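> One-letter residues, chain by chain:
Protein chains: 4
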Amino acid sequence: MGTRVAVAGASGYAGGELLRLIAGHPELQLTAATAHQQAGAAAGQVHPQLAATALGEWPLVATDPAALGEADLIFLALPHGESAALAARLPASAKVVDLGADHRLVDPAAWTEWYGGPHAGAWTYGLPELPGHRSAIAGADRVAATGCYAATVTLALAPLLAAGLVEPADVVVVAASGTSGAGRAAKPHLLASEVMGGLSPYKVGAHQHVPEIKQATGAASISFTPLLAPMPRGILATVTARPARSVTVDEAREVLDTAYQGEPFVRLLPAGQWPHTGATLGANTCLLQAGVDRDSGRVLVTSALDNLGKGAAGQAVQCANLMLGLPETAGLATIGVAP
Amino acid sequence: MGTRVAVAGASGYAGGELLRLIAGHPELQLTAATAHQQAGAAAGQVHPQLAATALGEWPLVATDPAALGEADLIFLALPHGESAALAARLPASAKVVDLGADHRLVDPAAWTEWYGGPHAGAWTYGLPELPGHRSAIAGADRVAATGCYAATVTLALAPLLAAGLVEPADVVVVAASGTSGAGRAAKPHLLASEVMGGLSPYKVGAHQHVPEIKQATGAASISFTPLLAPMPRGILATVTARPARSVTVDEAREVLDTAYQGEPFVRLLPAGQWPHTGATLGANTCLLQAGVDRDSGRVLVTSALDNLGKGAAGQAVQCANLMLGLPETAGLATIGVAP
Amino acid sequence: MGTRVAVAGASGYAGGELLRLIAGHPELQLTAATAHQQAGAAAGQVHPQLAATALGEWPLVATDPAALGEADLIFLALPHGESAALAARLPASAKVVDLGADHRLVDPAAWTEWYGGPHAGAWTYGLPELPGHRSAIAGADRVAATGCYAATVTLALAPLLAAGLVEPADVVVVAASGTSGAGRAAKPHLLASEVMGGLSPYKVGAHQHVPEIKQATGAASISFTPLLAPMPRGILATVTARPARSVTVDEAREVLDTAYQGEPFVRLLPAGQWPHTGATLGANTCLLQAGVDRDSGRVLVTSALDNLGKGAAGQAVQCANLMLGLPETAGLATIGVAP
Amino acid sequence: MGTRVAVAGASGYAGGELLRLIAGHPELQLTAATAHQQAGAAAGQVHPQLAATALGEWPLVATDPAALGEADLIFLALPHGESAALAARLPASAKVVDLGADHRLVDPAAWTEWYGGPHAGAWTYGLPELPGHRSAIAGADRVAATGCYAATVTLALAPLLAAGLVEPADVVVVAASGTSGAGRAAKPHLLASEVMGGLSPYKVGAHQHVPEIKQATGAASISFTPLLAPMPRGILATVTARPARSVTVDEAREVLDTAYQGEPFVRLLPAGQWPHTGATLGANTCLLQAGVDRDSGRVLVTSALDNLGKGAAGQAVQCANLMLGLPETAGLATIGVAP
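For the record, the sequence lines run as chains H, Z, Y and X.
Residues 1 to 339 in our numbering are what the first sequence lists, from first letter to last.
Residues 1 to 339 in our numbering are what the second sequence lists, from first letter to last.
Residues 1 to 339 in our numbering are what the third sequence lists, from first letter to last.
Residues 1 to 339 in our numbering are what the fourth sequence lists, from first letter to last.
Okay, chain H solo, but in the shape it has when bound (with noise of 0.2 Å):
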C-alpha cells in the first residue's frame, strides 16, 4: 500500500522533483498534487518530463487543505512566505515537510528583518547530517528543509567551525547557481536569450539565506554573493574563512571526513578532486573538497550539489523518510546522471 503522501505546489520546479521521486520510491504512494494557476492541468503538461508516464495523467488540483489532508506526510513546495498560511489549516495528523523558508528561522527579528512581515515559528531544521539533527527530525511532525543555498553552505562550513579551525567572524562565499534556483515564474532575466553564455550577480551582499547559514553553521558573519550561472540545476559554493590558526589541508579534509564518516549523501572527494555540479545531476548527493589558499593561507571549501535534489526535493525525502520511519535513502539517488 505505501504512505500516503501529497505535494502542494506541484507545478513548480521543486515540485516537479518531488513527483519524480515519489514516482520512483518504493514505500511513497501520490495522493494528490496541488497548484495555483495550473490546477486543472495534467501533471506531464506541466512537467514534460512525466508525460513518459501514466503519472503525465495525473491532475493537479486548487491547493486547499482538504485536498491535501487524507495524505500522511504533505510536501509543500510553494513560493516563500506563502507555507506558514496554508501549514496552519492542515490536519495535526499530517506530518509536513516545508521545502520554503517560513519555518527555518528560529530568531523572529532574523525573520522579520530579511523576509519581512510577522514570524510564523520554527520548525525542525531539516539537515539531517548536521549533530543531532537527524533524530531530531526523526521525531518531528514538521519540518523546515533547508534553502539549497543553506544546504551547500552549511555543508562545507559546519564542521570547520564545530571544529574550531576558522573564525566564526570573517567567512566569504561566492556561490552560483543554476536557473532552476530562481524559479518557474516567467521573469524577462531568467530568458534562456538572457541567461545562456554569461555569468551575472543578484541580489549582491544581501541574499536571504544568509540568517539562515548563520543560524545552521554558527558563523558570526557572511559574506555571501549568489551568481546566476548558465546552467539548469546545480550549486558550486566557494566557502572561504580565516583560520582560527594555521591549518593544513590535511586537517581541513580531516575535520570533514570525520564530520561525514557514514553519510550516504554527503561525500568528501579524494584528494586532489574537486566538485563538478554536473556530477550530482539528479541526486541526492553534495560533494566536497578542501584546500588552503597559498597566498592568503584562507581554509576553502568547495561545495556542489543538485539545488533541486539535496537543495530542495531530495532534502525534503530524506526528512521524510526519516520522519515515516522508513530508510533515509529510500528513493533517493546518490550516483548524478552524467555527463
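Read the hints as simulated data drawn from the structure, not as lab findings.
Any copy will do: because identical chains look the same in the list, a pair fits if it lies in one copy or spans two.
Here are the simulated lysine to any residue pairs, SDA-like style, with alpha carbons at most 25 Å apart: (1) 203 - 273; (2) 187 - 270; (3) 187 - 114; (4) 203 - 81; (5) 203 - 79.
The structure displayed is predicted, hence computed values, not measured ones.
Fit chains Z, Y and X to the supplied structure of chain H, relying on the hints for placement.
Coordinates of chains Z, Y and X only, in the frame set by chain H:
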C-alpha cells in the same frame, strides 16, 4: 546475491552510464569493469558522478577475457570495430550485450561498405519494441544493442512503414545529438569552446547508422543528416516521409499508439505536445509525436531520447533484463531528470 | 553629420542589435529609439551591452510617428502584424525598412492563410543576393527585410532551383534556431531552465515563413520543421531536395559558387568544411556548404547565419545602406565573434 | 597602407581573436600569422569564423623570427613560457606586445615561485587604465599585456586600494571563466560533454595570476579561486575586501567612477545594475559595479569582461594603438554582441 555482470569499456560515456545503472539495479552485481588507457584508475576518478559512492573506488582493470569471464552477462561498450575480436574470446557460457556496431548488420556487404573490413556476423538485434524482437532477445545469448541514432529513428519510422502509411523510398531524417554521442576522445572539435553556443552538421549524408536503420525499418532509402548540438545528452530526430496516400495526423498517431501500446519505454505524447530531449535525461524513455506537414503533406514524426539511455546503456540493460529473465524495467527509470 | 535613422521597437532583440550596429556604423546617426512597455527606460537598462557606452543613457520613447518622423530612414522592428499600421502613418519622405512580416508576401491570399487578417500590401523584398533584388532595393523607399528562417533557407535553396538542379515540389527543410529568434516576451517555454540542455521542435509543419520561402525561391512545396536549440543566437538549416537529375557535389557547389561570386556576405565554404552557427555570431554572414546524400542521392545544402545578424538587423542595415547610396558593407562585420 | 603587424601563435583562441580584430582595424595590416602544429593550414580552416572572408585563405606559417620580423609590431600569443625565447630573437626595430606571462612580473623570485625557471625580465605592463601606465605604454617598444583574470580583478580592486578604502591584506576573489580561457589544447576535462551544464573549480588557491594581481594592485594578500563556467567566453570576478573603515556603497562607487572617468573601455554601471559577462562578448569592455555586503560590511566589486577581448586580444590591440600613436580605440568595439 544477484546476477553477476561485467563491463568492458567502462571508461567511456556509455560505460559510465552502465556503471550508474548497474549500481542502481536491484538484481545486477558488478564483478569487473575494464578499460584500456584508464586501466588502473578508480572508477570515481574517471566518472566523477561515481565518486559520491563506494563504487567510486572500484578499480578499472585491463580489458581481458579473464577479467570479464566470471560474469553471467558481459556488456561490451567499446569503440566500433573492437568488440568482435573480444567477443570471440569470451566464454560461451556468458551472455553478451554488445553496445557497439560490430554485430548489428545482417548483410556483410553493408558492413563492409559502411564500416570497412570483414564482417563479424550478426547477433540478435536489441530493440525489444520491434515486432518479434522481445522474445528473440529473451532467448538469445548474444545481443547487439542498437545504435543511438538508429534507435531514435527506428522507433519513429518502423510503425509508419509497417502500416504502409509512407513510402519506403522517400525518407528524410535530420537528427541532432548531444556531444556525449561523439564519445570521450579529446578531439579539438568536441571542445566546449567549439561546441557551446552553436550548431553544426557532421558526416553529412554518410553516417554509418543508415544501413542499420534501413535494416531495422525496411526503408528503401534514407537521407540522414546528423547535427552536433550544444548539449551533453539527447537526440532529437525529425523523421519525415512521403505519404503512400493522403494521411491525417490522427492516422499517424493511431499507428504509433497501436505500435507502442503497453510499452513501458516508448510513449506517444498527447496531441499537441512535442518531445523535448531534456525530458528524457537519464531515463530509458523515447518520446514520440506525429504530424503532417501543412504545405507538403509529408508525414512527420519527432523522436527524442537520451543517447546514453535508451540510445545506449539503458537499451543494453533492458536487453540484459530480458536475456536474464528479470523484469524488463528493472533498474531503469522512465522519468527523466528535468529541467 | 551622417544620415539620421530611427528604430521603432528598440526594446526587442532585433531592436537592440540595430542600436548596436547603428552605433558602430560610420554614416548612420540615431535620432530616435521607441518602445512600448519599455518607453521611458534608458537603452542600457534594456540592453545591458549598450550600458558600456554613452548610448546606454539614450532614452527610449513611446512608439509614435512624430518621434520617428525626423529620421531619413526608419527601421521597424515590431512584432508581426504591428508594422503595417505604423508604416501607414509615417511621412512619405522617410525611407522605411520593415523587419517584420507585414509587407513581405505578394499574394494576399497567402498572407491571410498564414498570418490572418487583411493584407497590407507587399514592399520590395530585402534580400540583395537574389537576382535583380539589389538594384530594386537600391531604388526603393520601402523595403521588407527577410524573415530569419526565410533568409537562411532561401540563400541555400534559390540557386539550386534556379539552376534546375532540384525538384521544386520536393524540398524538405529542418532548421534549428537560437532562442533570440523567439523574441523577448517572457514566456514559460523560453525560460533558461526549460531550454538549456535540450532540443525541441515547435510550430511543426506550420511555420509562417513557408510562403515567404516559396515566394523567394520558386519552390512548389516545402516541408519545414523548426527546432528550438539551446543557444542564444544562430540558425542552422538543413535544406534537402530531390535532384532533378543525377547531381554531383561538385555541380551543387559550382551552382552556389557562381550564385554568390563577389557577394560580401554569403560564402560557400571550402569543400569538406561545414557551417557552424558560432562562426557567424554578430556578423552579417551566411555560410553555405553542399553535399549529396550517399544513400538517397538527395542534394543537401547546410546554411548558417546569425538570426539577429543576416537574419534580421544586419540584413536590414545592408538594405538601408543600399537605399541610402552608402557602401553596402558599411557598418557590418563579416567575421563572427568565435568561439 | 597602414601599419604592418604580425601574429605569432595565430592558431590559438587569442590568436584567432587578434586576426579578427586586425581584419576590422582601420590602420593595421597583417603581414604574417604563425603557428606550430597548424603551420601550413589556412586561417579559415583553423578559425571557422575567418572562412567568411578572404582572410580565411591566409596561410599560417611556422613560427620564426624571419616570418615575423618585417612587421612594425608583433603580437605574441604563445603559451606561457614560450614567448621570451622568441622575443629575444626578434629585431629591436619591431615593437612587440606579448599576450603571455613571460614579461609581466617585476620580481624574479615571484616568477620562479609561480611559473618556475629563470625570469626573462619585466616589460612595461599593459593595462592603460592604471595610473601612469597609458603614457608608459605609449613610449614603450615592449609591452606585456595583462593576464585575463589579472585584468578583471585589477580593474575592480586597484582603485579601492589606492583610495585606502580596503585592507590590502584581506582580499578574497572568486572568478569564473569561460572555457576559451583554458586554451585550445584538446584536454579531456575541456570537452563539451564535461563542461556543459556544470560548474567546477580548478587550480584552487594556487593560480599563477595571483602575483600579477598583487603587483598591479598593491594588494598584500589575495585568496583567489578560479572556476570553469559553461560558456565559451567571459570572466566574472567577485572581488571582496575588508573595509579599512566603514564604507558606503556610494563611496565605493565614487572611487570607481573617479578612477575611470573618461575611460573608453571601463564602465561603472548605473547603481543597481550588475555586470553580465554576455554584455561584453567581442568587445574590449570591462563592466563594474560596487556594493557593500549587508551582513559583513565587506566592500564588493563585480567585474565582467570578455577574456579574449579586454582580457587578451582586445587589451593587446589597445596597447598596440598606444604604442603606434593611433587612436586608442581604433578597431575596438565597446558594445558586446548580446544576447
